[in-house]
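So the chains spell out like this:
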Amino acid sequence: MPGFYTVARRELRDQLRDWRILAPIAALTLFFPVLMNFTAQRAVEFVERYGADIIGERLVPFLLMVVGFFPISISLVIALESFAGERERLSLEPLLATPLTDSQLYFGKIAASLLTPLGAAFLGIFVYLAGLLVRIGWRAPPQLLLQVLLLTAAQAVVMVTGAVVISSQTTSVRAANLLASFIIVPVSQLIIGESLIMFWGRYHILWWIVIALVLISVVLVRMGLHLFNREELLGRDFDTLDLRWAWRVFWAHFRGGAHTLVDWYRGLLGKTLPQLRGASAIMIVALLVAYLIGFRLAEDFTLPAEMFRVEGIPEALQTQFAQMEFGSGGGWLWVVGTNLRAMLLSSLLGTFSFGVMAVILLMAPVGIVGYFAGNFALAGQDAPRLVLGLVAPHGILEIPAAILAGAAIVQLGLAALSLPKGSSLGESWLMALATWARTILGLVVPLLLAAAALEVYLTPWIAMQLFRGP
Amino acid sequence: MTPLIETGDLSKRFRTLAAVEGVSLRVEPGEVLALLGPNGAGKTTTIRMLAAILRPSRGWVRIDGHDSLLNPLEVRRRVGMLTENHGLYTRMRAPEYLAYFGEIYRLPGAQVQRRTDELLQRFGLSDDREARLGQYSKGMRQKLALARALIHDPVVLLLDEPTSAMDPESARLVRESIAGLRSSNRAIVICTHNLPEAEALADRIAIIHRGRIVAQGTPADLKRDLLGDPIMELRIVGELDGAARLLPDGAAVTEQGTDWVRFRVRDPQAVNPQVIQSMSSQGVRVITLAEVPRSLEEVYLSVMREAQLPSSE
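Protein chains in written order, with the working numbering: chain A, 1 to 470; chain B, 471 to 783.
Chain B extracted, bound-state conformation:
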């Protein structure tokens, strides 16, 4: 499959500061990639290079096959960008605002009208179409900015900190809106430092630190690679006593209490049925056998610890 977003050795230097260093990404159609990292990690600079706003100091960007240096206008035509700050014109009204951007993308008048109605409907802003944008709440403004990014139905959507500095209710509304933007012919990149948001919305996560990608993969892959094999917790009726010894090969005990034990398994699908069978055959009554949830936060903190080691040494 041809990737919609592809970068190689992407780097950006401002005077003496290396903001982005050797970033290589590939995002397929239908895929959502979260670029996760602390403030100043280089997420926004990366996304600006993807949108052909900034020129890479080294490396390349291809959007839907178009090189950002050779053909920046074609790249921008294919990209919809939600900037960290909505940047709306507060004296305008929503239809007028969307029409302005529609005209910039040279959409025919009728299409602008149709897309405007469609997007306002989709983001629940139809009832407020006559209000000045200055009267909009933060969540409404962000949703309208999202509508702006979608007015030309782009194949690549770049979202820079879409819910930063928003109250939980507004953030949830915007997240729901973003979740609804998945499409088989669109690639989405979300820049965020919000871990639950990245986990909820993204298929793949790239963790960026000081301009470099330090880890990349699906949330499950990252957890396995960085935190080790999944940990299972077995709870039984009564005391554990010597029951831990009944665990089959491939289950390594990590900790235990009076009526519970935790163990690591490489292949839970193969090992867990054996655990149940072993316990039952010895008359141990099992209450639960479940995976201990591991958050992306643990992954992130582990990556960051490792990434910071060289500089702190």
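Bound-form chain A, shown alone:
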């Protein structure tokens, strides 16, 4: 790819002429690791005085990760500048008029955005390790060093590829910087999570994080390649919020060309539902896995067997049902409200997490059911009776509702990853939002309303019959 190399080389040269990039990188590479060495040495000496050696042991690797992370944070700035900046300065169009392919330009810029900060990060890590060796004689275990190097590289790739996706939706560096919080916030959360894992000493979890980051990078590269093309870059007016257009796209897909409610339902069942087949399968598997995980966790976190004495259950259930106003309209409203809130929260979280958070949130109640069923079984009771008595009567409608809602949310979350040919990110998202709204309004809400009625009026009766015994 000679074009890729040419683009990357020019970008690198440009960076090396920009003191705004060079100065912080130099400081973070040479000064910051020395400061961290000093901090590590002092902290280790201090905690040793109180016999809390473990804090020192955990702090030193943690600082190793921090030393690597700070220089790569600059890769985000470089990437935003390289993609959005070049569009803002209008220097991209002359490049687009050349025989360079979109992917040569894309990967050339990605490589250039990564090389300098990543080189600086690795150099910083080396300076930090050398300093530690001299000061306190600490050598990084090879596995930990490899994990930190891979984490650093994977985080840099995620930030840069994410920056490209963001830049492709803006025409100015200012707007790109504002949107960069979509990268900064999750990456900060990730760093906090990694810190906790490192202080907890569960280093093997870092491998899973590396794998997750690699997968996210693949997804973001795929998105970036779709969005970073001549048509998208020059053919659209990104910063303009065209609500009328957005509403037209949404409404056209929501209506699906139907003129009557019957037509609309026919379209919903005949076209939309088959579109959700794949996502529904994911949801079914996820809910089964959640049940099994919950069931299995009961072995590790077993509740006292007395809690599950069959004799005491009818009274306990009666109290619970009475507290929740089951058997009345108030109880029905409460159940409907709770389920709708959970579904909306899942939708919101799913939108910003490619659907992942929504699936996890919808898995949680099923996991809890599994956990109680597991405990029930461990207490020598009949677990299927629990499920049949307390879940199945309304679950027959509520579980399909959860599967459909989850599928629609997953589809919405993944809208950015599978863009229909010729459609923009916004267009694809609006179409997925319309599918989500069709599914929720047409199927999920009616199912939840009916399920809530069953839960409030039928489930208590069946549960009492089953647990009251002969």
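No lab work stands behind these hints, which were simulated from the structure alone. Here the structure is a predicted model, which is why all the values come from computation and not from measurement. Ideal placement from N, C-alpha and C gives every residue a C-beta, glycine not left out. Any given hint could turn out to be false.
[Unchecked claim] If you want the footprint, here are the derived chain B segments under chain A, 3+ residues with CB under 8 Å: (1) 513-524; (2) 574-582.
[To be verified] A few chain A positions that, by computed beta-carbon distances, are all more than 10 Å from chain B: (3) Thr39; (4) Met65; (5) Val77; (6) Leu90; (7) Leu100; (8) Ala111; (9) Leu215; (10) Arg222; (11) Gly256; (12) Ala286; (13) Thr338; (14) Ile360; (15) Val391; (16) Pro446; (17) Leu466.
[Said to hold, decoys possible] Okay, the calculated beta carbon distance ranges per label pair: (18) B:Thr560 to A:Gln189: 34 to 44 Å; (19) B:Arg775 to A:Leu12: 30 to 40 Å; (20) B:Thr560 to A:Ala26: 41 to 51 Å; (21) B:Val684 to A:Trp247: 13 to 23 Å.
Keeping the supplied structure of chain A fixed, place chain B upon it in accordance with the hints.
Using the frame of chain A, we list chain B on its own:
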């Protein structure tokens, strides 16, 4: 002759906006075509489709025989494009900048060196080759951008608003440079809303309005077609009196003063000698007989008035 640029029913739609609608063009080697139109008329979108940067929503583009949809890379190899904004990298120097684009076009190193020297010399930038591009004046930047578009010696040159927002001196320098780019084996398209520039540089003019070509032809053809036959002005010594009656058939008087008369003629070459002869034979002394200059601006305004009529009705 095979045209270097050919389009048929070229159209481009952005969401609900039809930016270009049914444009058909043909530009032969050695020809300069000016695409004339107000801001937002669809000139830049058209030129971007010609350069295979944007894909047409409908219709086709062929550059030197290569279809822009089937073979966009070949099209881009044959096209040099001067974008409306020069888009230079201000931390670079001119030779480095041209070498960068030469490398993108995969020119051998020696050829890049030779072309760089040649183009910097041609556009009068040799003395400033060591300066950073950020230090260049607007005119210099535009000339360097022109050099960039020419680095691979393209057979098609697309110039988008080459002198927009430039001071008159810089604009004149750039115009002179463009005039020097005519070549028998190159086709040039200039997008502009500058009428004198179009008239000075182009062999043919296509007026574009709301994405459609509303008039096309040589400046002379457009004037004749849109403003009618040429108008001649005859000035004589003394008062005109009844001299206007001496004009031969084929000369229709449009207006007259005390010592002058204006008349329309379809064929000035045939009629004007008859006018002189008629006046002389009656003892009327002629001071001048000349064509009344008609600007492209009149043509343009007339076309625009007509084009806007349906929407204002």
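Against the structure, the hints:
As drawn, the segment 513-524 of chain B meets chain A at 4 residues by the rule of a beta-carbon pair under 8 Å; at three or more, the given contact holds. As drawn, the segment 574-582 of chain B meets chain A at 3 residues by the rule of a beta-carbon pair under 8 Å; at three or more, the given contact holds. In this structure Thr39 (chain A) is separated from chain B by more than 10 Å, as the shortest Cβ-Cβ distance comes to about 37 Å. With a cut of 10 Å on Cβ distances, Met65 (chain A) stays outside the contact zone with chain B, its closest approach being about 34 Å.
At roughly 17 Å, the least C-beta separation between Val77 (chain A) and chain B is larger than 10 Å, which holds for a residue marked as non-interface. Here Leu90 (chain A) does not stay apart from chain B, with its beta-carbon only about 4 Å from theirs, under the 10 Å limit. For Leu100 (chain A), the requirement that its beta carbon stay farther than 10 Å from each beta carbon of chain B is not met, with the minimum near 6 Å. Listed as outside the interface, Ala111 (chain A) is consistent with that label: its C-beta sits roughly 16 Å from the nearest C-beta of chain B, beyond the 10 Å cut-off.
The Cβ of Leu215 (chain A) sits about 32 Å from the closest Cβ of chain B, beyond the 10 Å cut-off, so the non-interface label holds. Non-interface call for Arg222 (chain A) relative to chain B: holds, since the shortest CB-CB distance, roughly 21 Å, exceeds 10 Å. Residue-level check passed: Gly256 (chain A) sits 20 Å from the nearest beta carbon of chain B, beyond 10 Å. For Ala286 (chain A), the condition that its CB be more than 10 Å from all CB atoms of chain B holds, with the nearest at approximately 37 Å.
The claim that Thr338 (chain A) lies off the interface holds: its Cβ sits roughly 41 Å from the closest Cβ of chain B, which is beyond the 10 Å cut-off. Ile360 (chain A), annotated as away from the interface, keeps every beta carbon of chain B farther than 10 Å; the closest lies near 36 Å. Even its closest Cβ contact with chain B, about 48 Å, leaves Val391 (chain A) beyond 10 Å, as expected for a residue assigned away from the interface. With a minimum CB-CB distance of about 34 Å to chain B, Pro446 (chain A) clears the 10 Å threshold, and the non-interface call stands.
Against the 10 Å criterion, Leu466 (chain A) stays outside the reach of chain B, whose nearest CB is about 59 Å from its own CB. A hinted range of 34 to 44 Å for the beta carbons of Thr560 (chain B) and Gln189 (chain A) is consistent with their spacing of about 38 Å. In this structure, Arg775 (chain B) and Leu12 (chain A) break the distance hint of 30 to 40 Å, their C-beta atoms being roughly 55 Å apart. For the hinted restraint 41 to 51 Å between Thr560 (chain B) and Ala26 (chain A), the CB-CB distance of approximately 23 Å leaves it violated.
At about 34 Å, the beta-carbon gap between Val684 (chain B) and Trp247 (chain A) misses the expected band of 13 to 23 Å.
In summary, the numbered hints that this structure violates are 6, 7, 19, 20, 21.
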